[in-house]
Amino acid sequence: MPAGDTELVSLPIARDQAVLPRVPELVVISGKGGTGKTSVVASFAVLAEKAVIADCDVDAADLHLVLSPVFMETHTFVSGHEAVIRPGDCGATGTCQEVCRFDAVSRNDPSGRFVIDPLACEGCGICFEFCPNRAVDFVERTCGEWYVSTTPSGPMVHARLGIAAENSGKLVSTVRHEARRVAVGNGCTTILVDGPPGIGCPVIASITGATGVLVVTEPTVSGAHDMERVLELAKHFDVPAAVCVNRWDLNPDGADRIEYRARDQGAVIAGRIRYDPAVTTAQVEGRTVVELGGPAADDIRNVWDLVRGWLKC
Amino acid sequence: MKVAVSATGETMDSPIDPRFGRAARFVLFDTDSGIVESADNSGGAQSAQGAGIQAAETVSRLGAECLITGHCGPKAYRALEAAGIQVYIGAEGTIAQAIEQLEEGRLRRADGPDVGGHWA
Amino acid sequence: MIVAIASGKGGTGKTTVAVNLALSLPGPVRVLDCDVEAPNVHLFLKTNAVRTERVGIPVPEVDADLCNRCGECSRICRFHAIAVLGKTVSVFSELCHGCGGCTRICPEEAITEVMRPIGVVEERRAGRRHLVLGKLDVGQALVPPLIRAVRSKSGAGETVLIDAPPGTSCSMIAAVRGADFVVLVTEPTPFGLNDLALAVETVRVLGIPFGVIINRAGSGDDRVHRYCAREGIDLLLEIPDDRRVAEAYARGSTLVENVPEMRPLFESLADRIVAMAQGRPSHPNINEARHACR
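Protein chains in written order, with our numbering: chain V, 6 to 318; chain B, 71 to 190; chain W, 788 to 1081.
Worth flagging that the hints you see were computed from the coordinates, not collected in a lab. Certain hints may be false.
[Said to hold, decoys possible] Here are the computed distance ranges between Cβ atoms for each label pair:
#  : chain 1 : residue 1 : chain 2 : residue 2 : range
1  : W       : Thr899    : V       : Ala97     : 29 to 35 Å
2  : W       : Ser1040   : V       : Asp108    : 34 to 40 Å
3  : W       : Ala943    : V       : Ser73     : 48 to 54 Å
4  : W       : Ala943    : V       : Asn307    : 34 to 40 Å
5  : V       : Arg139    : W       : Met788    : 48 to 54 Å
6  : B       : Glu174    : W       : Pro894    : 32 to 38 Å
7  : B       : Pro85     : V       : Gly93     : 46 to 52 Å
8  : V       : Thr81     : W       : Glu900    : 31 to 37 Å
9  : B       : Met71     : V       : Phe143    : 38 to 44 Å
10 : V       : Pro92     : W       : Arg1031   : 54 to 60 Å
[Unchecked claim] Calculated lysine to any residue pairs in the SDA-like style (CA-CA distance at most 20 Å, straight line):
#  : chain 1 : residue 1 : chain 2 : residue 2
11 : W       : Lys874    : B       : Pro88
12 : W       : Lys874    : B       : Thr81
13 : W       : Lys874    : B       : Gly140
14 : W       : Lys874    : W       : Met902
[Unchecked claim] From the derived model, a few chain B residues whose C-beta atoms are all more than 12 Å from chain W:
#  : residue
15 : Glu80
16 : Pro88
17 : Asp110
18 : Gly140
19 : Tyr158
20 : Arg178
Think of the CB as a built atom: it goes at the ideal place given N, C-alpha and C, for glycine as much as any other residue.
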């Protein structure tokens, strides 16, 4: 049964609590992109009672397309700095270019002045420090936004990282932390996190301290390869892992091999999901798979039951 | 001996801030002279990463030998250990009460971080 | 000529396009697998290892005898990677971005730099095809420096294809920056369109000409087609939602070697991209491409 309401009232959020109690948190990741992580999380959100949903795939957030959020709050996300040369004060010494390790400085102007490419600027401030004419401004960078919304399945915290923004994981951590605030303020018993692809900074930020991770993979050579890397990451950060093979019937031998490797790496097998065109149909209709029904929907329900039992939430 | 306490306000009857890296400020109490000083931590509270490290630098520069707080993350702990500052966690209430808890041996001496970091 | 293959959404088929395009281009080809968190090109393009190099970030090391604990290093560091704590200077190298600021500013010249490894770059080869791939060490957070290391192995006189990581953040920028042309791969679904729009915005900010490939064509609806028409974006190719295509991919086989109808499609794609990257007019006939698959 979906929980939470869609009335336009303020969500109670535990803003005055500095250190929040722990809430069981499931993070769904994949290593490889496109394995069906977001579709699975969206269905879990409908099946879960009293859950908060956190979309931590801040670089390419999609969950909002199938959960019908009503936006309640928008917050600007400021992180780090960038260097900007004031052309009028530039003495064209080229010191900035000399000290920059990130190839962000070029001499484009016919006048011989230097200019910094904001897409390459790392925000280290060295050019600002060493410019003999003090011609560099070092300003805070707005990197994106994060939102708190309500959905028919519960409150949702999500975000949008700006173009070319540094993906340090800070926005991911912000979304997780705010999701925890909302959970505590609303008496929610679970946090469901849609994690980012890969194994770098944002993924690390999404899994540290989680109760468990569910790796959604696919029965392909790429899926197997990337699942192993992401399981290694979970182990590295001491987070228990479960694995679920999506679209398993496209390559049953591949699915068997993946589960074998997963068990070998200490992961729990949380079931399998069949290939089902209803998954795309649901997405096209802006709904979740379990709301539409079908073979994949049944399989997702089974996976959810297994995962709930595993995490005791 | 100078004891630093992560704080929400400047005076001894202000509540402590259970966070260290992102605490609002630090209050320093000299147990020998009874002198109280306080220092702002807005730099640490707002930084993208390494808030615990910056906070540790602040309390180290102020000459603290002991720190009382609620929780301590991994980088903060490493930094405090490098600075030779003893960390006591689990404090509650006001700053004055926290110091009393320390003197009565009711606080746990940390031998490592007790919470996870925010991100690697 | 440098062509980058990117997308907003993961799993749309970047690697599929990069691999099959590499097999369809005339002359020597170099593929740079910049998806260093999850490199997959080597699973499809059979090559032999030539050389492996450890890649690292230069991080500070402080000579305690020369250090006077002035704190300048800590003051200049934006990442809190170096701090004066007690009687020594501590380095938190996992936070260091390798900017070299502390090393430069130290008035006592007490800081030198050492390599902190973050991953490897492997150079591989099969005949006229070169493959360079980056593989991030599991647990490492910082990604762009490894991507830049892969990009630095560009070679000369070859067509370079870059398999970029998904998304539009700093990693994708590091992979795509400086390319002559970008191919954006998407799927005809709401997620595909949402993320394509983000990728288009990014490539426009980068100022690089681009075109779109729709993979799994026929599996969703026509919203991506309508978007491309509205935006005046060139649709370069549609790869059909065909079980044979999915199965070849699942096995680690290539399309051009296993699904014969795909070969002429990728060859004409290769011609079109070469023409567009060189700024020559090309006359696409997407309907021909569509009909060839039936």
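Evaluated hints:
1. W:Thr899 x V:Ala97: 29 to 35 Å: holds (31 Å)
2. W:Ser1040 x V:Asp108: 34 to 40 Å: holds (38 Å)
3. W:Ala943 x V:Ser73: 48 to 54 Å: holds (53 Å)
4. W:Ala943 x V:Asn307: 34 to 40 Å: Violated: the Cβ-Cβ distance is about 55 Å, outside 34 to 40 Å.
5. V:Arg139 x W:Met788: 48 to 54 Å: violated (41 Å)
6. B:Glu174 x W:Pro894: 32 to 38 Å: Cβ of B:Glu174 to Cβ of W:Pro894: about 46 Å, so the range 32 to 38 Å is violated.
7. B:Pro85 x V:Gly93: 46 to 52 Å: holds (50 Å)
8. V:Thr81 x W:Glu900: 31 to 37 Å: The hinted range 31 to 37 Å holds for V:Thr81 and W:Glu900, with Cβ atoms some 36 Å apart.
9. B:Met71 x V:Phe143: 38 to 44 Å: holds (39 Å)
10. V:Pro92 x W:Arg1031: 54 to 60 Å: holds (57 Å)
11. W:Lys874 x B:Pro88: violated (27 Å)
12. W:Lys874 x B:Thr81: Status violated; Cα separation ~30 Å.
13. W:Lys874 x B:Gly140: violated (26 Å)
14. W:Lys874 x W:Met902: Not satisfied, since the Cα-Cα distance of roughly 25 Å exceeds 20 Å.
15. Glu80: holds (25 Å)
16. Pro88: Non-interface label stands for B:Pro88: nearest chain W Cβ at 21 Å, farther than 12 Å.
17. Asp110: For B:Asp110, whose nearest Cβ neighbour in chain W is about 17 Å away, the distance exceeds 12 Å, so it holds.
18. Gly140: holds (21 Å)
19. Tyr158: At about 17 Å from chain W, B:Tyr158 clears the 12 Å cut-off, so the statement holds.
20. Arg178: At about 22 Å from chain W, B:Arg178 clears the 12 Å cut-off, so the statement holds.
Comparing the model with each earlier hint shows violations of hints 4, 5, 6, 11, 12, 13 and 14; every other hint is respected.
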